[in-house]
Structure formats: C-alpha cells, structure tokens
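Protein chains: 2
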Amino acid sequence: MGFKRKLRETTARNNSLLCVGLDPDRAKMPAGVGIAQFNRAIVDATSDLVCAYKPNLAFYEAEGLEGLRALEETIAHIPPDIPIIGDAKRGDIGNTARMYARALFDVFGFDAVTLNPYLGLDSVEPFIAYTKKGLFLLCRTSNPGARDFQDLEVDGQPFYERVAFKAVDWNVHGNIGLVVGATYVQELARIRQLCPDMPLLIPGVGSQGGDLPQVVKRGTDKSGANAIINTSRAVLYASTGPDFAEAARTAATDLRDSINQHRRPVRRNV
Amino acid sequence: MGFKRKLRETTARNNSLLCVGLDPDRAKMPAGVGIAQFNRAIVDATSDLVCAYKPNLAFYEAEGLEGLRALEETIAHIPPDIPIIGDAKRGDIGNTARMYARALFDVFGFDAVTLNPYLGLDSVEPFIAYTKKGLFLLCRTSNPGARDFQDLEVDGQPFYERVAFKAVDWNVHGNIGLVVGATYVQELARIRQLCPDMPLLIPGVGSQGGDLPQVVKRGTDKSGANAIINTSRAVLYASTGPDFAEAARTAATDLRDSINQHRRPVRRNV
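Note that the protein sequences, when read in sequence, are chains A and B. Under our numbering, think of the first position of the first sequence as 18, with each following residue one higher. Under our numbering, think of the first position of the second sequence as 18, with each following residue one higher.
Treat the hints with care, since some could be wrong.
Put simply, identical chains are the same to the list, so a pair is met inside one copy or across any two.
Said to hold, decoys possible - Straight-line C-alpha distance at most 20 Å; calculated EDC-like pairs for lysine to aspartate or glutamate: (1) Lys45 <-> Asp172; (2) Lys239 <-> Asp65; (3) Lys234 <-> Asp168; (4) Lys183 <-> Glu170; (5) Lys45 <-> Glu83; (6) Lys183 <-> Asp168; (7) Lys234 <-> Glu89; (8) Lys149 <-> Asp168.
These are computed hints drawn from the structure, not numbers from a lab. Every value quoted in this text rests on a predicted model; they were computed, and no experiment measured them.
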C-alpha cells in the first residue's frame, strides 16, 4: 500500500494526527532496557493512537551497527498498516541520491523520508521516482538556527517560501510534503496558505514548546487533516522508570485528544 | 593527531592535493569483488598519491548493515596518518546533530565530515565542538540542481556567499571548511576570494567534468595548497576488469601530477 493511503487510513482508524518520533536516547531511557526493546514497548503502547511513527536515523547511527540493527527490528515490529517516516534529512547529488533512496526505501523499507532540499532538483528526483513513497522536504525547521538561512529574503520573500514553491512545482506524482516546525506558527500558517493540499510534517510540539492549538489550526488543511504532528521526547520519556510504556500511552492519548479538540469539526466525518 | 595537521602532513608527504572518493558501486565494480576488498585494493594502490580519502556514506547505506560493516573495515584499513573525510552531508537540529557528531566522529572515527548548513548554527555547533576534527559545509555544490536554491539572490549576493560568510563567522576553532563544486569555476574563484585561508573540498573533477587547470588555479590558496580536489569514479572505475587497482593507480598518478602542474610554484617548498 502506498504511503498516502496508509497515512489516510491510519489517521482515520486511530482518529489521530499524532506521530511519535522514535528517537531512543540512552541517557534518557530506563536503565537496562535495550533500544529495540524500548521501541517495541513504545509501539505496543501507542499503535492505536498514532497516524505514523518517525524514527530519526541519528539516534541509531550514534549506536553504530548495533543501533542500526535495532532500527531494523523496530521497523519490523511496527504493524504494517502504520506508515513509518525515516527522518534522515538526506541530500546529495543525483548519482548519490539514488543510493540514499535505495538505502531508505528498499533496504530499510520506510514509507516516507525527510530530505534536505539545498542541493536542488536532481538531489530529490530519485526519491520522487518512488511514486508510492512519500518525501518531506525541510522547509522551515523548528530550531533556533532556522533563522540563519531559511529566513533570508529573496525578492521580498523568505527563502523557505522558495522551497515551498519548488516543492509544488516538483510535485508531479503527488508524493511531496514539507517539514515545518511547530515553533514558528506564523511561518506554518503562511506555508499552509501556499500549499493548501500538501501534507505537512510538523515537529516541535511537546519538549520544543510549539503552541498546540495554533499548530493544529494553522497546520491542518480545510478538512482538518493532512498534518502529521510529531512529538518525540514528551511521549518517549514521559517516565524514565519501569512504567515508561504506560506513561508514554497516557502522554500520547492526551496529546492525540488535545490535537483533536482543536481540529476543524469536519474531522468527525473522516 | 588533529585533522588539519594530518591533512597538511599528508599533502606534503605525498605532494598531493588529490582526494579519492571511496564510493563503491556494485554496478561498476569488477564482478565477484566485495566492497571492503575493492576498497582495500584501491587504498593499497593509491595511499602514496592522495592527501585524503572521502567515503560517501550513501554507497554503504545502500548495501544495508553489510555495507556499513565494509565501511568500518575500509576505515580500519586506511593508514592512520591519512585523513578520512566522511561525506555524510548531515544536518539536523541541535539535539539530534549531537547524535550525528557522535556517530561520525566517535563511532566511525572520521577525521572530518561534510555537513548541510540549511538548518543553521545549532545544527553545526556540535561538530564545531570537536575542535580536532574538521567539518566542511556545503556551499556551492557540483550538480545541476545547485542553481535551484544556492544561486538565489539575497541583497544582491548569491545565497551560497551567505553560507561562506557564516562559515567564516562560525569558525572560532579554525576547523571549518567549505564544499565547492569544481564544475562552477567562477563561483569557486569567488569563494576562495571570500575565504582566503579556508580549506576547500572540491568534488567534480573527473567524471563530472570540472576544468582541472582552472580548478587548481582558483581553488588553491596563496601557497598553492588548502584545496582538497576529489575524484571518485575516474579513479575507482578506470578499469572494471581484474586490473582495476593498477588502473586506479595510473589514473590517480596522472591526476595528482596534472594538479601539481597547475599549482603555484611555492608548492615545491612545502
């Protein structure tokens, strides 16, 4: 099943726009619990509450080959009808981008990935060519440094809007989305205006402090959907004790329900 | 030994600005030769001819965990006095960037890495903090898509110059360099002018067709050094038969010597 349909169906089935970022950090995990074991427990506790999972590859690569094996085990454990977004933020020239696309889609088997657009079209094309997969281009990120380059003005427009326009241009197969941080609500509103139908992946609620009601209002489309609102730490480390999975379930339930409170009423018909 | 000193000493010892990109592509490698075996043969055939090696992680990730194991073996095989640049083009928010820095510097043990600057300072800081390591920010890349975003004008200047200025600002520990494609000589000349003392990593000679005399003239600093001129395919696949290592040596020798012909005469004193 393609990414878009998987996302739509899971969103409807779980009545959720919540994505849980699977970013295992040993410094915050309960002692004596391995990465794959930790992720399995988190997935088992939240799989009826999410629209997607999003492992960030950095957390696995930091543990070497063992970490990447745990990522493979995690992917295998996630129910196959829930979409998995590989948060890889890759970006390389055409020849090399093909290798990254193979690694992320064929080897790991992600349903969608995040990409850095700085190298332009030929760095994105090999991913677009996987028409059943999804790709999210970094547009306006959630971190303080986002201002350094993404806000520079080009002909009176911020640079990140140029990324949004290009994404629309390049979206010939309808499989492109954008990453827009929850911590900058005005920018989020503007991007939603420019791309009314595009899926937006929105990290930065929870620990990073994005304003949830505003994020839901500005980030969703006319139907109250098409936004993937990600949180990682606020769910994963809701408790660092042996009750971590239960605490994650409680945190995820609260967050899903808070998101739904602020969605447009049409969601009830989804 | 820190990256800068390793680079300076290897450049002098081998009288070379040539970097060989270790990008093993099964479609082009001799049949029946494994990745680690292929790389070992290439390294053995060229280690007295290069200033550095640069494995691009995409080619290993495309082969899954086996590929990454081959990367580890390759790194272990390269003589420890030759700097290894991990061409990873990573870029993520501060919290996650720390994990990538750990993966690339502590786990893989690269002496330097390439980074995508689009997420701004907090995505680069965890790498800068490894003061003995090197980091090369993507500035003006060698691919056709480079024009899509990198050339957009910001206050009358191309965007990539903003990246160069920020790199200078951020270079408090003297461990930042820039990636500038060989295929755009004017841009290369301009960046060298803006950053007279910064090491430039210059891919795109060989298969990508950069003009070698111009690249050497425009890319080196006043002393005729501080440029790392990378080629991958033109050396790795000089022959795809059983004589591939010998052919790689011949190609690397020719390229090193051609580069040296166009270096400023002061190189003889290095």
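Hints versus structure:
1. Lys45 <-> Asp172: neither (45 Å within a copy, 44 Å between copies)
2. Lys239 <-> Asp65: neither (25 Å within a copy, 63 Å between copies)
3. Lys234 <-> Asp168: So Lys234 and Asp168 fail the 20 Å test inside a copy (23 Å) and across (35 Å) alike.
4. Lys183 <-> Glu170: both (16 Å within a copy, 16 Å between copies)
5. Lys45 <-> Glu83: Answer is within: at 18 Å inside a copy they meet the 20 Å cutoff, but 29 Å across does not.
6. Lys183 <-> Asp168: both (16 Å within a copy, 14 Å between copies)
7. Lys234 <-> Glu89: neither (35 Å within a copy, 47 Å between copies)
8. Lys149 <-> Asp168: neither (32 Å within a copy, 32 Å between copies)
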